[in-house]
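Chains as they are written, first to last, in the numbering used here: chain A, 2 to 439; chain B, 942 to 1129; chain C, 19 to 125.
Everything labelled a hint here was simulated from the structure, so no lab data went into it. Beta carbons are placed, not taken as given, at the ideal position from N, Cα and C, and that holds for glycine. Any given hint could turn out to be false.
As the list claims (entries may be wrong) - Between beta-carbon pairs, the in silico distance windows are: (1) G129(A) to T1062(B): 51 to 61 Å; (2) V93(C) to M197(A): 21 to 31 Å; (3) N979(B) to L21(A): 31 to 41 Å; (4) I22(A) to V93(C): 41 to 51 Å; (5) I1071(B) to P16(A): 20 to 30 Å; (6) P30(A) to A1066(B): 51 to 61 Å; (7) S270(A) to A107(C): 36 to 46 Å; (8) F90(A) to S1033(B): 29 to 39 Å; (9) I22(A) to I104(C): 45 to 55 Å; (10) A107(C) to P1046(B): 27 to 37 Å.
Stated by the list, open to error - Chain B side only, calculated, beta carbon under 8 Å to chain A, not exhaustive: (11) E1005; (12) I1012; (13) T1016; (14) V1021; (15) M1028; (16) G1086.
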Amino acid sequence: MNIPETLDWMSVNRPALLALIRVLILVLPILILVPGFIWLERRLLSWMQDRIGPNRAGTFPKDFPIKFLRGKRTFGLLQPIADGVKLFFKEDITPASVDRLLYFLSPAVALFPAFALGGTLPWGPNWGPYQHLTPIWNAEIGILYMLAISSLGVYGVVLSGYSSNNKYSLLGGLRSAAQLISYELAMSVSLAAIVMASGSLRLQAIVEAQETPLWGVIPYAHNWFILTPFGFVAAIIFYICMIAETNRAPFDLPEAENEIIAGYHTEYSSMKFAVFFMGEYAAMFVFACLFSVVFLGGYNLPLNWVAISGENSVMAGLNYWLAPLTFLVKSLLVFSTFIWVRATLPRMRYDQLMALGWKNLLPAAVANFIVVAIWIMGSKAYGPQGGIVAYVGAALIVVALYFAVTRQTKAAKAFERRKVDLTEGDTPSPTRRSVELV
Amino acid sequence: MDINALLPTDMNGWAHLGIVGSLSGLAVLTAIGVVAFNSPIRSALSLVLNFFTLAFIYFSLGAELLGITQIVVYTGAIMVLFLFVIMLLNLSADDPSQYKRDAKPVFAGIIGLVVFGLLATAVLAPLKAINQISAPDRNEFNPIGWGSPQAVGKTLFTGYVWPFEMISLLLLVGIVGSILLARRKVTS
Amino acid sequence: MVLYLAVSMSMFFIGAAGVVVRRNPVVVFMCIELMLNAVNLTFLTFARYAPSPLIERADSTWMAGQMMVIFVMAVAAAEVAVGLGIIMAIYRVRANVDVDEMSSMSG
Chain A
2 MNIPETLDWM
12 SVNRPALLAL
22 IRVLILVLPI
32 LILVPGFIWL
42 ERRLLSWMQD
52 RIGPNRAGTF
62 PKDFPIKFLR
72 GKRTFGLLQP
82 IADGVKLFFK
92 EDITPASVDR
102 LLYFLSPAVA
112 LFPAFALGGT
122 LPWGPNWGPY
132 QHLTPIWNAE
142 IGILYMLAIS
152 SLGVYGVVLS
162 GYSSNNKYSL
172 LGGLRSAAQL
182 ISYELAMSVS
192 LAAIVMASGS
202 LRLQAIVEAQ
212 ETPLWGVIPY
222 AHNWFILTPF
232 GFVAAIIFYI
242 CMIAETNRAP
252 FDLPEAENEI
262 IAGYHTEYSS
272 MKFAVFFMGE
282 YAAMFVFACL
292 FSVVFLGGYN
302 LPLNWVAISG
312 ENSVMAGLNY
322 WLAPLTFLVK
332 SLLVFSTFIW
342 VRATLPRMRY
352 DQLMALGWKN
362 LLPAAVANFI
372 VVAIWIMGSK
382 AYGPQGGIVA
392 YVGAALIVVA
402 LYFAVTRQTK
412 AAKAFERRKV
422 DLTEGDTPSP
432 TRRSVELV
Chain B
942 MDINALLPTD
952 MNGWAHLGIV
962 GSLSGLAVLT
972 AIGVVAFNSP
982 IRSALSLVLN
992 FFTLAFIYFS
1002 LGAELLGITQ
1012 IVVYTGAIMV
1022 LFLFVIMLLN
1032 LSADDPSQYK
1042 RDAKPVFAGI
1052 IGLVVFGLLA
1062 TAVLAPLKAI
1072 NQISAPDRNE
1082 FNPIGWGSPQ
1092 AVGKTLFTGY
1102 VWPFEMISLL
1112 LLVGIVGSIL
1122 LARRKVTS
Chain C
19 MVLYLAVSMS
29 MFFIGAAGVV
39 VRRNPVVVFM
49 CIELMLNAVN
59 LTFLTFARYA
69 PSPLIERADS
79 TWMAGQMMVI
89 FVMAVAAAEV
99 AVGLGIIMAI
109 YRVRANVDVD
119 EMSSMSG
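Starting from the given sequences, assemble the full structure and let the hints guide the process.
So this is what it looks like as structure tokens:
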């Protein structure tokens, strides 16, 4: 059976069936990989915290039927499955006075965006057999589709917080929703700069725009946007916003266990909690995929093998056929940096989080956008020398962002060190802290 | 029987009509849900579903950018704002036993349906003949599509740039106004 | 085209009925949004099926409906922000939200 011809025939005569196959090609691997992500997170986190992590589950017992596998270890790969089984058999407690319909619907509403988000991701180039298999929808509005679906992720959080009939859940849910919509803005503007530089919202066009020579001069390397000055700033901003969008540490105040009793998913036990968990990891993975599409060159291998060794060479063929694998490896690397950041940085307080999103990231993203616009006009009018403005502008933005985030103004320092007198006068309102901070 | 001869010429076959018809039905049902539910949260969620369905109806009309903007702006931002307000104010469901029930809603419903029927026959009947898409999907102005971001963006920034700037001023005024309205009085 | 216009007419009528019938101001706001969306759908339907040839500029002749929809969306967003701010401000003062009761212009 000649697969490319079958796919071509199906794209004309059976488009709905082919679309269903495309959906299954995306959704089933994500479902299968989610336990792998959980395992990766627990092991990597443990190694960074100087411990070993779960490595017992999955060791084959001594009387296993297949002799070769007796006693062999799988390094804890079955641990997430054990977690799943445990969660499945746990007692499913439903509080008595919840809003029934919303309570049962909100895990589904939280899970849906995590899977729908991957609809426009290109796992392979636009020719040959891969063009019929991926992306699910080669939309002209690719990136905007992903922003739209990620803005639907707010509903899962808000509805689960509200329907739990628990004021801490509601508070956690609303805070998380406010965090999500704040960081959505900076995310959109930082992506808008990349869209301007590549000329199209279509994710495949963004990958193809990165196949040009690096910085315009080096023909043997791809022009990955993270290596360009404006793209570097946009990547930093987008990375921070991605961590905030998926409610990961250090932005996980609304769902932290020792802050607000697990926030908006406090009242969800067993499988419903597992659904939230699964949705969070799937969303993290798809955002990591988006990062690698937009900034890390998508499905291409690092060097421009088509320019180095010609179009029909072995490496160019590998570049084509291994495209999904390279994409997966890049996304897993970005995913591992999420875990790295979680292990490293302490949790941010809510007002620090909101201040970062509105006062630091959004202006930086807008400034980056302006720099990209000036660069495009400059390089169109004056040639590549006009691109110097991009370097200078991006460096200035990075320096300004660093100073804005890490140095406190005098007023902020004075606020943190103020004394509050507890002995007389009115009771201070809850938003003012009542301890002297040193 | 050639189904394509009976249908509007832009809808190929029962499948397309079925999809658009069910989306339309869902839109009308959720619109009724907004008005009919007693609890404001249910109304808001019904409206969310309505906007989501409308986005798909826009996609079926070919307006991709506007459909996705509908999801981002209406479903993703405006309705979240509504839900915030309802949850923070803790608005409870209207209690139907609090106001007396009489025959007024029934009469209002009947009159409303009659007016709708009259207007529909007056307005929609002459328009039944239009079942062909007139806006060209691709021409030299928009080589990619009528509803594509390239075409809409080009038009917005060339022909309609003055309204665009005015709207951005309006949004700025809206932002400043809503921040001022939401501030608590600072007790000194 | 009649299908789309019937949907938008129904939505508009239902929204108008909601504005009259409902007592909760937030729900009244939502019905106003419903009416605005019905108008958006009408604009888009006509832009697709019967675009206006009145606009003489050749480059943007067929886009006017979509432009109008963009502006309606932007205005609706601004209006919702300000309107909900007003409702919250009223709620802080009065603590009851009933459109029929909020009839005094003072205070």
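> Which of the numbered hints are not met once you compare them with the structure shown?
Replying inline: none
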